[in-house]
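Work the whole structure out from these sequences, hints included.
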Amino acid sequence: MRGCVHFELPRCWIGLITVYFHIMSMHRPRLMKLSRLIIAALTVASAFAQQAEIRKSLARINNTAQEYNFRVPWLPGGVGGGSGTGWVVENGRLMTNAHVVSNARLLTVEKEGDPKKYVATVEHIAHDCDLAILKVEDKDFWKDSKPLPIGGVPEIETTVSVYGYPIGGDRLSVTRGVVSRIDFRTYSHSVMDSHLSIQIDAAINPGNSGGPVLQDGKVVGVAFQGFSGDVAQNVGYMIPTPVVKHFLKDVEDGKYDRYVDLSISTFPLQNPAHRKALGLPDDDRGVVVTEVGSASVCYEHLKVGDVLLKIDGMDIASDGLVELEGERVILAEVAERKFKGDVVTFDILRDGKPMQSKVEFHGPFPYTHQANSYAPARYVVHAGLLFQPLNRNLFATFQFQNPRVQYYYARFVDDELYKDRDETIVLTSLLPDPINTYLDEFREGIVKSVNGKPIRNIKELAAAFEEKTEQLLVEFEGIGRPLVLNTAEVEAARDRIRKRYNVQRESFLEDEAK
Amino acid sequence: MFRTFIFTVVALIALPLQAQEKLSVVRVNVTSQAWDFLRPWGKKQPQTKRAIGAVLEGGRVIVTGDLVANAAFVEFETPEGGTKVPASVEFVDYEANLAVLKCGDDAFLKDIPQLGMTESNIGDELTVWQLESNGRLLQTKGPMTTAEMMAYPVDGAFLIYRMTVQLQGRDSSFTLPVVRDGKLTGLLMAYDNATNNANIVPAPVIEHFLKDAADGKYDGFPRAGYGLSAMRDPALRRYAKVPADVTGGVFINFVQKDGPADRAGMKKGDVLVGVNDLAVDQDGNFPHPKYGKIPTGHIFSTMHFVGEKLEVHILRDGERKTLDLTLARKAPEDYVSDPYIIDKAPRFYILGGLVMQEISRQMLKEFGADWTRRAPERAVYIDRYQSELFENGPKKIVFLTRVLPTPATVGYEEITAVRVTKINGVELQSLNDVPTALEKPENGFHKIEFDESPRVIYLDAAQVGAVEQLVQQQYRLPTLKRLE
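In order, the protein sequences belong to chains A and B. Counting in our numbering, the first sequence tops out at residue 514, every number present. Counting in our numbering, the second sequence tops out at residue 484, every number present.
If you are wondering where the hints come from, they were derived from the structure by calculation, not from laboratory data. Model, not experiment: these values are computed from the prediction. One thing to keep in mind: the hints can contain errors.
[As the list claims (entries may be wrong)] In silico DSS-like cross-links for lysine-lysine, where the CA-CA straight-line distance does not exceed 25 Å:
(1) B:Lys257 x A:Lys448
(2) A:Lys448 x B:Lys268
(3) B:Lys268 x A:Lys453
(4) A:Lys310 x A:Lys338
(5) B:Lys268 x B:Lys49
(6) A:Lys448 x B:Lys267
(7) B:Lys447 x A:Lys303
(8) A:Lys117 x A:Lys143
(9) A:Lys276 x A:Lys303
(10) B:Lys211 x B:Lys309
(11) B:Lys211 x B:Lys241
(12) B:Lys440 x A:Lys276
(13) B:Lys422 x A:Lys303
(14) A:Lys353 x B:Lys447
(15) A:Lys453 x B:Lys241
(16) B:Lys267 x B:Lys309
(17) B:Lys267 x A:Lys453
(18) B:Lys257 x B:Lys267
Following this line, the structure appears as structure tokens:
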């Protein structure tokens, strides 16, 4: 298990919404700094009492975790451990980071001054925004602890305090820092998702993860990631309260639906010739839609070439920014605040004609293969051939050299490869046996069809293998010969392969851990 | 003072003359300067390489093609150094990695003895020739360990000889003659210090190259234009209906459109069992009288020439058939993405600051040794799978590689690595279509279309004309287009 703060490398992030403009920083008005100082001095006395209260609402979380084994998926992965911080929210629950409790086999929580270790379980986990909610059944755990109130977005240059158990320690640690900037940033737990995040210069170390960041007695963020020392110093990140509240609201109905997004690409309309050719006035408004995949919620509501002028009545500037509650934010931020079932309204120009288009967020974007997976490795073994759906973990495990696999991984969404398949199924390895001695050229091959029937996902592949036709013809993308399997021979080899390679289970097909 | 000077000069000239008889080699010094495919208007830094060329019959000097790639200046130098004359490339084949050089000065090569050629067998003792700085011949011997087909540096696989030899580090070692019994048997093209293995362009490839060039018109090494899978898998043999009494044969998994095999009527799914009187085994090898099992590709590329007719024996649905195959070569420029572009300047067109080029592997290789991972993945995919993606055109893929910021391209600066499909409604077959397409702007705008985001952008046609001079001056570009 990795340390509990995710140390991210500086890297360029490419998301579903191709952002041609760079992520901007948001400037908040600097409000009356002097008067704030005075208020701070007056409240110093009560702060000490408050801190004692805060301690009772904090817990150290110990996670015994087991990762999934993507190379030999029927074998269990290595067991490791880690610790982080949690804090009490309404309704007798603990909040922490998703990465603190991911792949957990046993969770225990401890409070300062209480020798008991309490068993906790994960109630909700949101890998896309790195937040989780834990339950602790034992009522003793909850005595004296009060939920911490959740505040708003702190202003730049104001001071915040980070509470937690960094680098393991048993005693609570508090560090203090200044809010440095607020921007849209990749959450490294999933790698694929970006949300608002707040940079502070307080030390945030492994073990701080999941801990509250407080200002004036209210939680203004959840400590979650930083850089390793050789990349940047005095840079820590917290998840701000709009994201925390979004998560809490999402799970109100008892289940987590994930973030919804527009899943479109837009291009800024800053070039004067571009504007004139589209018949737009010189008013620095509007962006043009450049990609609407059939998997996008906007499919059939927006078209490539539409000029987006307003979103929910707010003007869209020609650089793609929208003024939201006094801030200039990217278009995606408007969608960020929505939930499954919500509607967004666009004012558009289509072929020069003004119209309105309403888009309902019927669900989150389905293709998340580029995000870190915390679900068990899915696979089918047939005739000693191991077939697995392509995702980030598989890609990292096998380091595929085949350019076709690299292309399917990188361009699955952009080039709408999902029209032919739900996922890319790769023959990742062969368990040597006489039945597959001469099949090595199919290694890293992408499954296209079995007996002429296109295969869309691993379940369909497993079902096709179960059909008792005399022979199976498996076609692969771009390989000009079929893989031919004689069913009787496969059956004869089955036990032999299972025993020889200790294949405890020939397939695992479920999407989520059960 | 004066006396000492005279003495030194005499000693320098006299020593080598007395030391040994005339060698059949010349030093070859090449200064090459490759074009920069990421900045197609300019060349990279010049580089000088020194090598040893073998002098063959007719006073032809043979070296590896690699040595003279993008040569700006070639000169011959006597082995003992000193005298130099300008030289030039007479014939070159970058695929077979061979070049014949000539010099205008007949007197220079007149007294140099000429080498014959000989093939070698596995186990023969071969000698690698190097030169000491004083012109003395350094001979290092080693056994020939194998003959096999291997990928050559630029494109395609050909026969090589491999030998084990402990070479010394010497100047002028870019290409070295490999000799047996006083005759040339190959040119050393790659040497691995760690394993002491040397890869050699062998006599059969050199002889094919020279024979081809003998009529003054060089055709190159032909290919049959198919891909194969080994056929050891019994399930595949049953599927392809190969009769039980047939032991050899390979499965044809790809037939290049309009290639020699395609024109001969070969189809995907055929089983290739023989070429002329040579049998093809389950791995696609034939029994070579000298070298043992060698891949069938050697028959087409090196044992025969462009234009020759061969009989290709196949099984189709278990039935024997014989196809008449006429050998041809596909030139690099006939591919959608040229496998290599050497000695030629990259083609490009700069429109108001938009830099358009054609995708070629030469351009992708500018991203370094791991270009398949570092170059734009879309371009890598297009290059790699061009034969399945563009059977029906276009001829070349026009790519917007970068945008030079100008007043006309404000807001377009971040666009990079996207395929340009149309300009002003004209579908682009290659960069050659760009000037024609630009003749018809729509309402004073050039409309440029891509097959992905940003899909469509516009340039003000009048403004493009107005900024041309500015672009050229500000970015110090020698020219704004090159379409030849």
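Hint check:
1. Among the hinted pairs, Lys257 (chain B) with Lys448 (chain A) is consistent with the structure: their alpha-carbon atoms are about 23 Å apart, no more than 25 Å.
2. At most 25 Å may separate the alpha-carbon atoms for a hinted pair to count; Lys448 (chain A) and Lys268 (chain B) meet this at roughly 18 Å.
3. Taking the CA atoms of Lys268 (chain B) and Lys453 (chain A), the gap is near 20 Å; set against the 25 Å cutoff, the hint holds.
4. The straight-line distance between the Cα atoms of Lys310 (chain A) and Lys338 (chain A) is roughly 16 Å, inside the 25 Å bound, and the hint therefore holds.
5. Distance check on the hinted pair: Lys268 (chain B) and Lys49 (chain B) sit about 45 Å apart at the alpha-carbon level, beyond 25 Å; violated.
6. Simply put, Lys448 (chain A) and Lys267 (chain B) have alpha-carbon atoms about 21 Å apart, close enough for the 25 Å limit, and the pair holds.
7. Between Lys447 (chain B) and Lys303 (chain A) the alpha-carbon distance is near 19 Å, which keeps this suggested pair within the 25 Å criterion.
8. At roughly 14 Å between alpha-carbon atoms, Lys117 (chain A) and Lys143 (chain A) fall within 25 Å of each other, so this suggested pair holds.
9. Straight-line distance between C-alpha atoms of Lys276 (chain A) and Lys303 (chain A) comes to about 20 Å, which keeps the hinted pair within the 25 Å bound.
10. Restraint check for Lys211 (chain B) and Lys309 (chain B): the C-alpha separation of about 18 Å stays at or below 25 Å, so the hint holds.
11. Among the hinted pairs, Lys211 (chain B) with Lys241 (chain B) is inconsistent with the structure: their alpha-carbon atoms are about 41 Å apart, more than 25 Å.
12. Proposed proximity of Lys440 (chain B) and Lys276 (chain A) is supported: the alpha carbons are some 18 Å apart, at most 25 Å.
13. Restraint check for Lys422 (chain B) and Lys303 (chain A): satisfied, since their Cα atoms lie roughly 20 Å apart, inside the 25 Å limit.
14. Distance restraint check for Lys353 (chain A) and Lys447 (chain B): the Cα-Cα separation of roughly 20 Å lies within the 25 Å cut-off, and the hinted pair is therefore satisfied.
15. With a C-alpha separation of about 23 Å, the suggested pairing of Lys453 (chain A) with Lys241 (chain B) holds against the 25 Å cut-off.
16. The hinted pair formed by Lys267 (chain B) and Lys309 (chain B) meets the criterion: a straight-line CA distance of about 18 Å does not exceed 25 Å.
17. At most 25 Å may separate the alpha-carbon atoms for a hinted pair to count; Lys267 (chain B) and Lys453 (chain A) meet this at roughly 23 Å.
18. Pair hint Lys257 (chain B) plus Lys267 (chain B) holds up; C-alpha atoms about 10 Å apart against a cutoff of 25 Å.
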